[in-house]
Amino acid sequence: MQKQDIETQYIIEDNQPLEGGQRVDTMTINMGPQHPSTHGVLRLILTIEGEIIVKAVPDIGFLHTGIEKTAESKTYHQALVLTDRMEYLSPLCNNLGYSLAVEKLLDIEDEISDKIKYVRVLLAELQRIASHLVWLGTHALDLGAMSVFLYCFREREMILDIFEEISGVRMMTSYICPGGLQADLTPAFDAKVRAFTSIFPDRLQEYHDLLTNNQLWMERTKGVGVLSAQDAIAYGASGPVLRGSNVVWDIRKAFPYSGYEQFDFDIPVGTNGDVYDRYLVRMLEMEQSLKIVNQALEGMPAGAYRVLDPKVAPPPKWQITGSMEALIHHFKFYTEGYRPPKGEVFVRTEAPKGELGFYIVSDGTAKPYRMHVRAPSFANLEALPLMIEGRFLADVVAAIGSIDIVLGEVDR
Amino acid sequence: MAITATSTVAMVREKFPQAVVETVEFRGEQTIVLLPEHLVTVCAYLQRNLQYAYLSSVTAVDWLERVPRYDVVYHLLSLTNQCELRLKVRVGQRGEEHPSVPTVSGTWPGANWFEREVYDLFGITFAGHPDLRRILMPIDWTTHPLRKDYPLTGFDLPEPHWGGQVPYDVDPGVGSQTLRTPSGRELNESRSKINPGQEPGEPGSEKRE
Chain Z
4 MQKQDIETQY
14 IIEDNQPLEG
24 GQRVDTMTIN
34 MGPQHPSTHG
44 VLRLILTIEG
54 EIIVKAVPDI
64 GFLHTGIEKT
74 AESKTYHQAL
84 VLTDRMEYLS
94 PLCNNLGYSL
104 AVEKLLDIED
114 EISDKIKYVR
124 VLLAELQRIA
134 SHLVWLGTHA
144 LDLGAMSVFL
154 YCFREREMIL
164 DIFEEISGVR
174 MMTSYICPGG
184 LQADLTPAFD
194 AKVRAFTSIF
204 PDRLQEYHDL
214 LTNNQLWMER
224 TKGVGVLSAQ
234 DAIAYGASGP
244 VLRGSNVVWD
254 IRKAFPYSGY
264 EQFDFDIPVG
274 TNGDVYDRYL
284 VRMLEMEQSL
294 KIVNQALEGM
304 PAGAYRVLDP
314 KVAPPPKWQI
324 TGSMEALIHH
334 FKFYTEGYRP
344 PKGEVFVRTE
354 APKGELGFYI
364 VSDGTAKPYR
374 MHVRAPSFAN
384 LEALPLMIEG
394 RFLADVVAAI
404 GSIDIVLGEV
414 DR
Chain V
4 MAITATSTVA
14 MVREKFPQAV
24 VETVEFRGEQ
34 TIVLLPEHLV
44 TVCAYLQRNL
54 QYAYLSSVTA
64 VDWLERVPRY
74 DVVYHLLSLT
84 NQCELRLKVR
94 VGQRGEEHPS
104 VPTVSGTWPG
114 ANWFEREVYD
124 LFGITFAGHP
134 DLRRILMPID
144 WTTHPLRKDY
154 PLTGFDLPEP
164 HWGGQVPYDV
174 DPGVGSQTLR
184 TPSGRELNES
194 RSKINPGQEP
204 GEPGSEKRE
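Protein chains in written order, with this note's numbering: chain Z, 4 to 415; chain V, 4 to 212.
Don't read these hints as lab results, they were simulated from the structure.
Treat the hints with care, as some may be off.
Here are the simulated BS3-like pairs of lysine-lysine, each with C-alpha atoms no more than 30 Å apart in a straight line [as the list claims (entries may be wrong)]: (1) Z:Lys314 - Z:Lys195; (2) Z:Lys77 - Z:Lys320; (3) Z:Lys314 - V:Lys18; (4) Z:Lys256 - Z:Lys225; (5) Z:Lys77 - Z:Lys335; (6) Z:Lys294 - Z:Lys195; (7) Z:Lys118 - Z:Lys58; (8) V:Lys151 - Z:Lys72; (9) V:Lys18 - Z:Lys335; (10) Z:Lys118 - Z:Lys314; (11) Z:Lys225 - Z:Lys195; (12) V:Lys151 - Z:Lys58; (13) Z:Lys320 - Z:Lys335; (14) Z:Lys118 - Z:Lys294; (15) V:Lys18 - Z:Lys77.
Counterexamples of contact, computed for chain V against chain Z with all Cβ distances above 10 Å [unchecked claim]: (16) Arg30; (17) Val43; (18) Ala47; (19) Tyr48; (20) Ser60; (21) Gln85; (22) Arg89; (23) Pro112; (24) Asn115.
To give a feel for the contact side, a few chain Z residues facing chain V, derived at Cβ under 8 Å [said to hold, decoys possible]: (25) Ile63; (26) Ile70; (27) Ser76; (28) His80; (29) Arg255; (30) Phe334; (31) Phe336; (32) Tyr337; (33) Tyr341; (34) Gly346; (35) Val364; (36) Asp414.
Note that beta-carbon positions come from the ideal geometry of N, C-alpha and C, so glycine has one too.
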């Protein structure tokens, strides 16, 4: 491609005629990719007229790591660790989506025990709270409320400690895997989760006290970044962005997976589809998540933490030292992997950011022929220009924060 | 009567018999394979009449040896009826460098970025797309990485490149990657190399050298 072509692709015309044939002075500026409020490496090419945004063009791809391509040369079990790296603020929810897709491909959904389902739901909801806490902290920080950030990270630390307790890793846990869990829960798990659930309602109230009725907060967020319900659906927005626009839609309710139908929770929705509504939806979602965590903890059944199918999950360590077959299974599992039948599945889950879909095509070999990830942030970001065009430049920061993007998942 | 994925398939078959190539059910998921020229009509019908208001994703699959070579895959969702559906079109005749599919961004505006991604990573163009530019790869990239004949072993540099001096006029980065020819192609090399003899397929297919 010639240099000139490249330039013409990126130039957005200055001094473009506006309505009425009047030419107005506009200016094109870059926001990002190095900008603290773009939550990563998002670049926005903004055409502004004074303080008003005439046109906004998001430019993504700075964090493109080719995860979908890499997965094609890994076995199904190895590709699991790639999913943590996409949405690095909620790796367990990604693990869950991927595991469900592989299990559907293998047709072993019925073998997944209630214990596994409960642990998965519990962890996914804890992860949702952790992800929303990061969002709340950074969103408030962007809008000038610094103390919330410190409080949020204090609570998130407790959740990460729980993850470290069970998996040994704080963030990239890969704990949920096709066929169950990587390891059993530890004895201290229960007490740690209870310690968190007992203090969290008060802490949540603290955030509400700091922000929800705060005059400054409301002025920065109410009526800002409005996305109508029609636009949200047409642009494929999902998660809190969709629910903030008054669309009652939650995949946990519509297509219950991993036993979500056994839990009692509500779907909070907003009314106006502005930044404040999306804020409120996430705040209320944390409450609901906490409710699910409590239910899962109380009703936690006993059972195996992995399916007892040596083709899909490695045998437990103690068997390997005593049984020849177990050793062979262990060796075959880690060197060769398993071979799902030919076919394709698309599994949707409700990740903290929205609808996370895994589309996996199998050609009958031990590696996925194609893995496509329907990343919620990708579609949500596409709706960003609708929220900010015609608004003030200062509102861009509020709008970006409210859609809660993670660029690792946008660019994959 | 509530619309389900199964009844949708029946309705589409009845209304557009000339457009449907085949329908597949796998693990409870319904797939309709359509002819590319009828895609937009069927999509508009699904969106308006059967309330498939939500487009989850657009992606593609490269079946290197097959003609037509690519599947372009659409995942639809109906929020009102709580059902999901997959549409597929098959494009890419032999020797066709950039196969073309009509865009559905007129029906679902959200298809815009997904189609740009497919264009970027597969080189499939979307006729009538408002803004068909690369989205993830750098804009001066010349090839399409998710194709199965994309080299995984790095760029071809003129010999000698180990220990020797790479000529200054060769840009080792973008613009000079060569896709291997079919005879010497490293077809997704690590796929065929791991566990030689254990992958199913005709014996001897692993032997490349």
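Results of checking the hints against the structure:
no.	hint	result
1	Z:Lys314 - Z:Lys195	34 Å, violated
2	Z:Lys77 - Z:Lys320	24 Å, holds
3	Z:Lys314 - V:Lys18	45 Å, violated
4	Z:Lys256 - Z:Lys225	28 Å, holds
5	Z:Lys77 - Z:Lys335	15 Å, holds
6	Z:Lys294 - Z:Lys195	16 Å, holds
7	Z:Lys118 - Z:Lys58	51 Å, violated
8	V:Lys151 - Z:Lys72	9 Å, holds
9	V:Lys18 - Z:Lys335	50 Å, violated
10	Z:Lys118 - Z:Lys314	20 Å, holds
11	Z:Lys225 - Z:Lys195	37 Å, violated
12	V:Lys151 - Z:Lys58	37 Å, violated
13	Z:Lys320 - Z:Lys335	15 Å, holds
14	Z:Lys118 - Z:Lys294	18 Å, holds
15	V:Lys18 - Z:Lys77	42 Å, violated
16	Arg30	6 Å, violated
17	Val43	16 Å, holds
18	Ala47	13 Å, holds
19	Tyr48	17 Å, holds
20	Ser60	4 Å, violated
21	Gln85	5 Å, violated
22	Arg89	7 Å, violated
23	Pro112	5 Å, violated
24	Asn115	7 Å, violated
25	Ile63	6 Å, holds
26	Ile70	11 Å, violated
27	Ser76	4 Å, holds
28	His80	13 Å, violated
29	Arg255	12 Å, violated
30	Phe334	12 Å, violated
31	Phe336	13 Å, violated
32	Tyr337	12 Å, violated
33	Tyr341	12 Å, violated
34	Gly346	5 Å, holds
35	Val364	5 Å, holds
36	Asp414	6 Å, holds
Comparing the model with each earlier hint shows violations of hints 1, 3, 7, 9, 11, 12, 15, 16, 20, 21, 22, 23, 24, 26, 28, 29, 30, 31, 32 and 33; every other hint is respected.
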